[in-house]
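Asker: Let the hints inform the model, and build the full structure from the sequences given.
Protein sequence lines correspond, in order, to chains A and B.
Counting from 93, one number per residue, gives the positions in the first sequence under the numbering used here.
Counting from 4, one number per residue, gives the positions in the second sequence under the numbering used here.
Just so you know, these hints were derived from the structure itself, not from any lab.
Ideal Cβ positions, reconstructed from N, Cα and C, are used throughout, including at glycine.
Incorrect hints may have been included.
Below are the DSS-like pairs computed for lysine-lysine, each with C-alpha atoms no more than 30 Å apart in a straight line [unchecked claim]:
(1) A:LYS546 - A:LYS459
(2) B:LYS336 - A:LYS444
(3) B:LYS336 - A:LYS373
(4) B:LYS80 - A:LYS170
(5) B:LYS180 - A:LYS459
(6) A:LYS260 - A:LYS137
(7) B:LYS47 - A:LYS150
(8) B:LYS47 - A:LYS438
(9) B:LYS337 - A:LYS373
Taking CB as the label site, the calculated pair distances span [as the list claims (entries may be wrong)]:
(10) B:ASP385 - A:ASP157: 51 to 57 Å
(11) A:PHE480 - B:SER415: 26 to 32 Å
(12) B:ASP370 - A:LYS137: 52 to 58 Å
(13) A:GLN174 - B:GLU33: 53 to 59 Å
A partial selection of chain A residues facing chain B, derived with a Cβ cut-off under 7 Å [as the list claims (entries may be wrong)]:
(14) HIS495
(15) ARG503
(16) ALA507
(17) GLU510
(18) ALA513
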Amino acid sequence: MAYTEEELKKELETKEYEYGFYTDIDSETFPVGLNEEVVRRISQKKQEPEWMTDWRLKAYAAWKDMKEPDWANVQYKKPDYQAISYYSAPKKKDQYKSLDEVDPELLKTFEKLGISIDEQKKLAGVAVDIVMDSVSVATTFKETLAEKGIIFCSISEAIQEYPELVQKYIGSVIPIQDNYFAALNSAVFSDGSFCYIPKGVRCPMELSTYFRINQAGTGQFERTLVIADESSYVSYLEGCTAPSRDENQLHAAVVELIALDHAEIKYSTVQNWFPGDKNGKGGVFNFVTKRGICHKSAKISWTQVETGSAITWKYPSCILKGDDSIGEFYSIALTNNFQQADTGTKMVHLGKNTKSTIISKGISAGKSQNSYRGLVQVHPRATHARNFSQCDSLLMGNQCGAHTFPYIEARNKTAQIEHEATTSKIGEDQIFYCNQRGIDPEKAIALVVNGFSKEVLSKLPMEFAVEAQKLLEISLEGSVG
Amino acid sequence: MEFKEKLLASHLALEERIELSDPVHQTRLESLRTFELKGFPSRKEEAWKYTSLNPLIREDYALFPKSESTIQLKKVKKYFLYEIDTYKVVFIDGVYSPFLSDTTHDGLDVCLMSAALSKPKYSHLINTYFNKTTDVNDSLTALNTSYAHEGAYVYIPKNTVAEKPIEIIHFSSGNEKALWLQPRNLVVVDQNAQVQILERHQSLKEHNVVTNSVTEIYAHKDAFVDYYKIQNDLNSASLIDNTYISQESNSTARVHTFSLGGELIRNNLNFYLKGTHCDTTLKGVTLLKDQQHVDHYTLVDHQFPNCESHQDYKGVFSDTSKGVFNGKIHVDKKAQKTNAFQQNNNILIDDKSTVNTKPQLEIYADDVKCSHGCTVGQLDEDALFYMQSRGIPKKEAKALMTYAFANNVLESVELPILKKRINKLIANKLGVNLGFDL
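Answerer: Listed below in structure tokens is the structure:
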């Protein structure tokens, strides 16, 4: 046998973060701290119109009076929000027209990540809007998209060029006072992506953004706004990897999706921020607010693969406002070492004949804690609402925990809600079976976990599914039960 | 004066009525301080998110009934399992009724808490068990403890089987306009002993009565405890029931809760599995109408390996009734080879009925089999149509299906006479004669 259990454990513990490195690019960074002046300066820096500045200030005022939530099943030292720099932008701010103009350092980073731009350009037909430390530096395939009337740009550009769209929809799904992290994000967000699909247009390619946290000591506050107009379709990918860093980094993103009548949005995430080392030191705090609203007959589908971050606090939700609308949530959350994840979804059924599906797979190894927390709410007007939820947990090793906190609130007699959850470990006989056939324990575990996650993995777009599978293999191999 | 203030102030009145030298008075005072600090739980607390006590505590309640009431047996006979012989501990407005009771000291103790507290021969047992398994930080339990002086006391010695079931019945006569009762029960089942207990709270007239009850149950090695709670009170009565069960290895504890009536019922049911190979069952049927509100808040705490727990709660909600279920299974790191199952199924009959359910799993051990399932739905239209097409009236068809839905829980009732009784009660609630017996 290639490994004994002990050796395997040891190797996993000492396994360094494979994507950890640091790119040296000159950045312009604000001094640490947050006050009204900083909010104003961020807004000024980005040459935003007055309404945007006011909106940010309102968010800041709301945030000041709010308390950091502590109901999640995670424990961590609360970050000092006055010790964070709220703005950092790569200095060379000129727009690049071709890859040659891009900083070679940057390109190298992407190569290490295995997402070299030209490869992506050629192969996958994916338009990549790369966000490096909060400012968009490269956008591809813009022209192809423009032909169809699709707008895909950074949110700061959108604020300049399509203020009427941004003003109408920003904060319409996640109001600025929604929660602590959303308010913080609204006040200080530096950049993010904006996407608008016009009426009746089916977006011909997967839209994708790669995020990277890159500047030591800067939090990243992304803001994403996706609007799918009537009868349109878009599939949006978001993937993140972050360099190793010792101190905890804060990531408080906000994603808003708006699916108008008969539109469909598919939003997929692969999250692999730095999870901290084997002693639980460092790692990213991932406090994300994601929510979508479905109008009549619209559909929003969230798919996520969460393997990174020291703390994950994330509940991609659907508000099923329109009649006959559909919400879906597919999630794999994998935690190892000292990682803690509290993730799940909210399905709010407001319209008639609304449907929602929740499939959540939690895998915990090492000393990690993995929680599913979800809400299914059926309002009195939502007749014939239907929900199916399934939450399965896989435990590896006896020092980790798996928890389920589903909230089900039904206020309509025609509602049909099903929820089921199971918790188990990888069977010794399964591993033995593989061993017997010459598959070493590590591979065997990968195999079992892959099977366990298949239901969700299959929901990911092709390009992502391959990467996600690889990610699972890298970060999961745990102990044999 | 707010009711909380009154509770704090009236403690002096309690002290006049009891022996201050009894072994638990210090505990009473400590608990009163806890309650003073915490007050009544509010909806801001996660555990009380869906149930508000505010409407209850706005009223002013008498804590001690002014006059002793007597009731004629024939008037209340129907509330007893009169068909069979049982031990009975009966209270009227919180005061022991020797006339209606049938206690014993012959081989086992079925008697009064007040007696156990005041007699020196029990002091060892009281010191060992009283308030030892409760959650001392729970404000309502603390409130009960601070006023604890009366209730049922049951002790089944080693290798003894209680031959007759024990009935613990609390009547409220309605002589007081508004009454706040706080019975305190203690049940100790020693090694390899067995007991069946039935608990019931019943008001005889429409009047405001709130019962904040605490029951502690200790199941020693190889013991068997079968406990039934019948909650079928008038719509003016409310009940906060706190039950704490401590189980040692190889013991079996089963609690069935039938919530069929009452204004507001909150069941805090806690199992602590403190040995290996424990078997735990908690089941419930909730059948509500009007504005009734029932909240089941359960905890099964698996602390040792190789234990098994089964949980099954069914709910049927009509009119504007509201059901809440919050079930928590906690599996400790040590508790490998645990099998824990939890199920909660609900049917909403009317548009304005509500159900909020939150089945939780918290698991820290890896070699376990845990699952929970939870559904909200309605009666199958096709099945109803099928029965109607065969000449069964809709109402009865509905009743049949509802009955079948709850039947899982009824099946495990081990007292045949009780099973029959509950069967009838459910049929009554559904307004039909089922035409068959179990």
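Asker: Now tell me if each hint is right for this structure.
Answerer: The hints, checked one at a time:
no.: 1; hint: A:LYS546 - A:LYS459; verdict: 24 Å, holds
no.: 2; hint: B:LYS336 - A:LYS444; verdict: 44 Å, violated
no.: 3; hint: B:LYS336 - A:LYS373; verdict: 23 Å, holds
no.: 4; hint: B:LYS80 - A:LYS170; verdict: 62 Å, violated
no.: 5; hint: B:LYS180 - A:LYS459; verdict: 57 Å, violated
no.: 6; hint: A:LYS260 - A:LYS137; verdict: 23 Å, holds
no.: 7; hint: B:LYS47 - A:LYS150; verdict: 27 Å, holds
no.: 8; hint: B:LYS47 - A:LYS438; verdict: 20 Å, holds
no.: 9; hint: B:LYS337 - A:LYS373; verdict: 27 Å, holds
no.: 10; hint: B:ASP385 - A:ASP157: 51 to 57 Å; verdict: 54 Å, holds
no.: 11; hint: A:PHE480 - B:SER415: 26 to 32 Å; verdict: 29 Å, holds
no.: 12; hint: B:ASP370 - A:LYS137: 52 to 58 Å; verdict: 55 Å, holds
no.: 13; hint: A:GLN174 - B:GLU33: 53 to 59 Å; verdict: 42 Å, violated
no.: 14; hint: HIS495; verdict: 5 Å, holds
no.: 15; hint: ARG503; verdict: 5 Å, holds
no.: 16; hint: ALA507; verdict: 6 Å, holds
no.: 17; hint: GLU510; verdict: 5 Å, holds
no.: 18; hint: ALA513; verdict: 5 Å, holds
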